[in-house]
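Generate coordinates for the entire structure from the input sequences, incorporating the hints supplied.
One line per chain: the protein sequences are W and H, in this order.
When we follow this note's numbering, the leftmost residue of the first sequence carries the number 1, and every step to the right adds one.
When we follow this note's numbering, the leftmost residue of the second sequence carries the number 359, and every step to the right adds one.
Hints were generated in silico from the structure; no laboratory data involved.
Every residue gets a Cβ at the ideal spot worked out from N, C-alpha and C, and that includes glycine.
Incorrect hints may have been included.
[Said to hold, decoys possible] Covered, in the sense of this in silico footprint (three residues per stretch, anywhere, with C-beta under 8 Å from a C-beta of chain H), are these stretches of chain W: (1) 237–247; (2) 298–310.
[To be verified] Just so you have them, the derived chain H footprint on chain W, three or more residues with Cβ under 8 Å: (3) 34–47; (4) 50–58.
[Claimed, not checked] Sample of chain W residues at the chain H side, in silico, Cβ under 8 Å: (5) A62; (6) A65; (7) P96; (8) I97; (9) E100; (10) G275; (11) Q276; (12) V277; (13) D286; (14) G287; (15) G340; (16) A344; (17) F349.
Here's the letter readout for the chains.
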Amino acid sequence: MSETQVDFAVFGSSPLSGVIAGLLASQHGRKVVTVGSALARYRLPRAIDLSVAPITRPETWALLAATVPEASKLIAKIGGRGALRRVDPIFFADGPIGTEALGHFSHMASAYGILVEPVPPSKIGEGRKALRIGDALTINRPAFEPTLEAWLTREGVKRLSDAAIFFGEAGSVEIGAGENLVAARHAVLVDDTTILNHLPGWQWPSQLLRRQQASILTASSQHLAGPIMLQLDSGTVLVQHEEGGMAAMGLGTLGAFSTAIAELTAESGQLQQVGQVGFEALASSDGAPLLGPVVPEGVQLLTGLGPTGIFLAPVLARWLAGEASAEEGAWCDARRADRGNSGASVAEFTSGFEERAA
Amino acid sequence: MRPDTNRLPATTGKGLAGAYIERDRPIRFTINGRVIPGFRGDTILSALLASGVDTMGTHSGSPIGLRESAAPAITYAHAPTHALPMERTPARDGVEYRILANGPSPGLFSRLFQPGRTLGLTLNANGSLVRPWRAIKGERGASTDLVVIGGGVAGMAAALAGARAGLQVTLLEASPHVGGHSGLFGTQDGENTPQENIAALVSEIIASNAITVLTHAEVFAIGENLVRVHQLDTEAEPVTSRVVDFSARHIVIATGAFERLPVLSGNRLPGIAGAQEAFELAYRYGIWPGHSWMLATSGNPAYRLATLLDGSGATLDRILEGRDHANSRYIEFCKAYGIRQFPGTVPTAITPGQHGRLSVALPHGEPVVVDRLVLSGGWQPDLTLWHLSGGESRWNPKRQRLEPIGTVPGVVLAGSAAGHFTRRGCLTSGLDAVDRLLGRSGPGVDDPVIDAYYETPDRQMSAEASGDAAAPTYLDADDALMLRPAAPQPRHWTQIFRGPGKTPVRVLSEAPQPLSIGAICAGVGIGLIPEESAGIVAQERVALVPLHPASSAQAVTPAEPPPVPAYLADRFGPHAALVVLRHDPAWQLGAGALIFEDEDALDPRRAIGVVLRTRDGKTEALLAASAKKLVVRDLGQAIPAEIQS
Chain W
1 MSETQVDFAV FGSSPLSGVI AGLLASQHGR KVVTVGSALA RYRLPRAIDL SVAPITRPET
61 WALLAATVPE ASKLIAKIGG RGALRRVDPI FFADGPIGTE ALGHFSHMAS AYGILVEPVP
121 PSKIGEGRKA LRIGDALTIN RPAFEPTLEA WLTREGVKRL SDAAIFFGEA GSVEIGAGEN
181 LVAARHAVLV DDTTILNHLP GWQWPSQLLR RQQASILTAS SQHLAGPIML QLDSGTVLVQ
241 HEEGGMAAMG LGTLGAFSTA IAELTAESGQ LQQVGQVGFE ALASSDGAPL LGPVVPEGVQ
301 LLTGLGPTGI FLAPVLARWL AGEASAEEGA WCDARRADRG NSGASVAEFT SGFEERAA
Chain H
359 MRPDTNRLPA TTGKGLAGAY IERDRPIRFT INGRVIPGFR GDTILSALLA SGVDTMGTHS
419 GSPIGLRESA APAITYAHAP THALPMERTP ARDGVEYRIL ANGPSPGLFS RLFQPGRTLG
479 LTLNANGSLV RPWRAIKGER GASTDLVVIG GGVAGMAAAL AGARAGLQVT LLEASPHVGG
539 HSGLFGTQDG ENTPQENIAA LVSEIIASNA ITVLTHAEVF AIGENLVRVH QLDTEAEPVT
599 SRVVDFSARH IVIATGAFER LPVLSGNRLP GIAGAQEAFE LAYRYGIWPG HSWMLATSGN
659 PAYRLATLLD GSGATLDRIL EGRDHANSRY IEFCKAYGIR QFPGTVPTAI TPGQHGRLSV
719 ALPHGEPVVV DRLVLSGGWQ PDLTLWHLSG GESRWNPKRQ RLEPIGTVPG VVLAGSAAGH
779 FTRRGCLTSG LDAVDRLLGR SGPGVDDPVI DAYYETPDRQ MSAEASGDAA APTYLDADDA
839 LMLRPAAPQP RHWTQIFRGP GKTPVRVLSE APQPLSIGAI CAGVGIGLIP EESAGIVAQE
899 RVALVPLHPA SSAQAVTPAE PPPVPAYLAD RFGPHAALVV LRHDPAWQLG AGALIFEDED
959 ALDPRRAIGV VLRTRDGKTE ALLAASAKKL VVRDLGQAIP AEIQS
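Encoded structure:
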């Protein structure tokens, strides 16, 4: 059995994991492999990529404002015109906590030059506060994925199966690939499924929580008020598909989420489900990302980044490579997975949790 | 129009004269105002097909065939309260029916002058072939010990085994008759004929007081100890329908297997049928359209159709075999009959020919024109209800099919649905299913599968995608009308005037239709779905109808937010305080408005506070301890403020 030595093994199937792997190889000259399968063309979507989110921390807004142009340029270069789409998503809230959070988001987004306009109740429903966000960017995962795979291949990043994984000391990992063994000095776990399947229990961050989530594809003939809609109270995301139908992603068991979606979209009668999956997902207890190892010599985590994660990929790759700027480093260090309750809070608004007091 | 346009003569042998119809009792009914003749015993669908109506209309710009797996629902023209499936509804003399389908309805002119063989539907809307009963909540039905879904050999054996074990059994069969689909598969050494076997089981069931048989009862949803059924009352005049929820401690799924649609251009044109479908139309209703026909298959039982039809007057042009080297006793029989066979040959495309015929393009030589094409892509266990109940499956690369794995509490599979394709295997798996449900140790399943050396396993059949195909390619023969995904076409300038048009979906993950098991198999066959993910995708993309919708489990945020939300913690230093602001009362400051010390400051990182809310006319804010002079930025305005308390 031959052994190949690499610097990083990036675990995951999402665009974020692929882009980070590719950036570590292409921009930072590291030897990299990715571990996992490309799924976007035949599996139900479980998350979306969006350049805006209900973020309430100004330092995160500032970082995002600086990085979105760089990330979107990279994504367009990899995936062409079909990969990146400009959309005007709608964020809305029904309850007082979500409505307040929407206000904080609105002022922060406006301060960073994002066009935010209220949506009239006639379009969105009485008693509901809603904002249309202008010119956000979203990634068409099914279109982007094949081009990402091709880019990774060009950059010398191999995709390996996660069938045989052996975590070693100091955050290293060995991956069995047929007759070969690939030894990586640093394992980086990105997607929820990857972390759930592979993170050793003793390295589990205290703030990382498991939550039941569901994703439903419907054949609804109704058209949504916006191409992407996010309900802040529950964290439910609705996506209108070009082909017709709608994808919904959110918290709860499959049965409960199905009921919630029927109520939310005011479907009369039975919701016409044409695809559904319930799954376990992760969230940090304070809504902020968890980055890096939990123990000094543990595997690296990149989780809790939400829909904007891929637009922060260049920063995250620089940080992993030890080449981040002082400001980028400070932002990442404040969100380290081993932060526990020490240091100043970096909490963000979290949908679906009972809101806590500061 | 005659009731026997497409029927074999009443004297046809080998059981193909139509066992369910009474040729001496003609009937007539209307559908969308058009008079259709038939015989007592026909369904609406069989009467239409027998009369030469074999086309639903158009889909994706091409004619699409009318068949049992994809037929529009109907209702009564003057009392549209009951949606009925035309393939399960017995045709009644003098009744007027209307078709239920989304999309443009044919106008009066079109209805009066419809071409002979089409229903004239335009099926471009997603979900055109609506099944309205799927949206109806079920009324509470009887509670029983054991529900057996599927009245084939395995289902009947399971029902009898349950009754012998002292259980009250309800046997649900979707079609008008029990018996299942074993007729085409013939016999193995020492076996009775399927008909003899079925007759014996039926008489034993009739004699049992513990078994209730409901025909015309299609199960379309399944949950924990519950099945939802669309049931027709055919004793009523007119036929009525209802949706019923049956509860049961145990459930046996014996829904059999279905025949896969080969993936090639034009695979759902009118005049195309599967081998099992063609056999059953002939056996049950004596239907066989046209004279010349061709068989293209990659499964062995389809060959039996060729030998059964020999001498019926239908002329078999040739058999195309999709496998390079296939062995089967059925293949040998066909050789003995002198039928031409072309191994390793898959049609490249099918196009409509002149006079309603089909032109079958071959890899070599001129296209062959026939009246009817029988396409068989091998058999696949029907795992739809298994997936709906939470069961899992895995792709078997040797047998090229999805097979069930794991267990579901209170639910077991039996017969072909469980992967047993011999009649003995089906019978014994029905008995074994009840043993497993009751936790009894039994003799297990005796499935005498003939070695693959003598009976080559089925394979899928597909042709390469062609960008200039004249007719669309479907992934399955079902009512989802799922087209083979295609790469996006470049925009053409004429789209400015006529719009982008309807094109196939580009990826399966966003297709606004459920993916049937057949479509999943096709997806694996043409490389859209990796084999190792086929089972997961099949479970994800089944058309699930939730039976026990729990109350919403989404975390409902409390009515009142906390004084300072956690996401503002430490934002303005560790000693930030909750204060009430005094400002121009003409302004109601919104939550999130940032507070600065400097009128010109705009950078949120330099904010010294934030407005939390206005409550009881007071503006509450979170403010850094050092704050002195205050300017609130709201809606682009700088509003002076000061601390009131």
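A quick look at each hint next to the structure:
no.: 1; hint: 237–247; in the structure: holds (count 6)
no.: 2; hint: 298–310; in the structure: violated (count 0)
no.: 3; hint: 34–47; in the structure: holds (count 8)
no.: 4; hint: 50–58; in the structure: holds (count 3)
no.: 5; hint: A62; in the structure: holds, 6 Å
no.: 6; hint: A65; in the structure: violated, 11 Å
no.: 7; hint: P96; in the structure: holds, 6 Å
no.: 8; hint: I97; in the structure: holds, 4 Å
no.: 9; hint: E100; in the structure: holds, 5 Å
no.: 10; hint: G275; in the structure: holds, 5 Å
no.: 11; hint: Q276; in the structure: holds, 5 Å
no.: 12; hint: V277; in the structure: holds, 5 Å
no.: 13; hint: D286; in the structure: holds, 7 Å
no.: 14; hint: G287; in the structure: holds, 7 Å
no.: 15; hint: G340; in the structure: violated, 15 Å
no.: 16; hint: A344; in the structure: holds, 4 Å
no.: 17; hint: F349; in the structure: holds, 5 Å
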